[in-house]
Amino acid sequence: LSAAGFGLIVISLVQAGSWGWVMPRQAPFTVLGFSPTIPMVVLGIFVIWIFLASQARLKERGGTPLLDPELLRIPSLAAGLATLGVQQFVIAGIFFVLPLYLQFVLGLDALESGLRILPLSVALLIASFLGAALSSRFSARRLVRVGLTLTIIGVVFCIASIDVHLRSSLFVLAMSITGAGIGLVASQLGNVTQSSVKVTRSNEVGGLQGTAQNLGASLGTALIGAILLSGLNSAFTRTVGANPKVEPQTKVAVEAASRTGVAFVSEAQARDAAEASGLPSSEVDAVVGDYVTAQIDGLKAALAALGVLGLLGFAASRRIQNHPLAGDETDETENEEIVKN
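In terms of this note's numbering, the sequence shown opens at residue 1 and continues consecutively.
Everything labelled a hint here was simulated from the structure, so no lab data went into it. Glycine included, every Cβ here is placed at the ideal spot set by N, Cα and C. Some hints could be false.
[Unchecked claim] For each label pair, taking beta carbons as the anchor points, the in silico distance ranges come out as: (1) 248 / 125: 52 to 58 Å; (2) 122 / 156: 17 to 23 Å; (3) 200 / 138: 27 to 33 Å.
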């Protein structure tokens with residue numbers, strides 16, 4: 001049931017760009033005339049609820065549940081898992097969007113793209129060590145929220161740095177700030193979740209951590225990908241429609257093609273497609289230019305959505321421990337009482 005529920009959610013979000021969010025595009029079926037994307041998400045949530053209810057009933061009957069739902073009632077554990085999910089969502093979204101920009105828009109190869117993103121990894125590593133050292137002086141909640149703030153600031157700088165031509169210095173700064181934020185958050189969450197229960201239940205918590213990480217990464221890739229393609233589609237239709245160099249019949253053809261979705265391809269591939277459609281060279285240049293502009297708009301929309309959704313981390317971290325924890329200190333006594341009750 002859990003796999004079915006999460007599968008429904010992830011598949012629907014992955015396909016949202018081609019199926020459409022509300023009105024159907026290339027959907028294999030419709031629900032009362034609408035796209036199946038949102039109904040499938042709702043159905044997935046309902047299936048997960050059934051799974052949790054079945055696990056609770058199994059425990060009440062003396063069985064051994066796959067997941068003890070009572071663990072999710074522990075405030076610090078639930079907060080840590082939720083924040084971990086948000087963190088993985090942001091990481092997956094960043095590593096989905098940036099390679100597309102660097103390789104498809106700028107035309108860099110994999111090695112060059114990796115070097116551009118390297119400052120993020122270096123800053124992440126340094127901040128992880130620094131965060132671990134600071135955990136004895138500052139509360140996990142404070143460090144996590146500082147990390148979230150840095151991550152969002154980094155995303156904003158990233159939006160400002162990307163264009164048809166990369167603003168290199170600003171991009172390096174954006175990667176460094178984003179990496180520092182992610183590293184600071186990552187340095188705290190493992191201790192937050194494991195310190196919420198007794199050592200005997202650490203394996204269960206480890207499983208929940210893995211689930212939160214995988215779910216956050218899957219949703220980040222799926223949702224941000226859908227937003228990127230939707231932004232590209234709408235921006236391309238809008239820019240072509242407003243371009244006086246494009247003939248009316250071409251605008252109609254582009255609008256018709258956009259109903260089935262616009263793919264994210266390189267400028268060279270877009271030019272080949274435009275030439276293959278029989279457009280004159282003057283219109284090819286105009287349409288390809290509009291397509292590249294739409295790519296930038298779609299990328300920025302995806303990153304903006306990533307920053308906004310990253311704000312959920314502040315709500316998720318509200319119940320994380322608000323005092324420094326020593327190396328082997330835990331909040332297990334209070335939390336285990338919650339489980340027992």
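Consistency of beta-carbon spacing, residue 156 to residue 122, with hint 17 to 23 Å: Roughly 20 Å apart at Cβ, these two residues keep to the hinted range, so it holds.
Verdict for residue 200, residue 138 (Cβ pair) under range 27 to 33 Å: holds (29 Å)
Supplied distance hint 52 to 58 Å, evaluated on CB atoms of residue 248 and residue 125: holds (55 Å)
Checked against the numbered hints listed earlier, the structure breaks none of them; every hint is satisfied.
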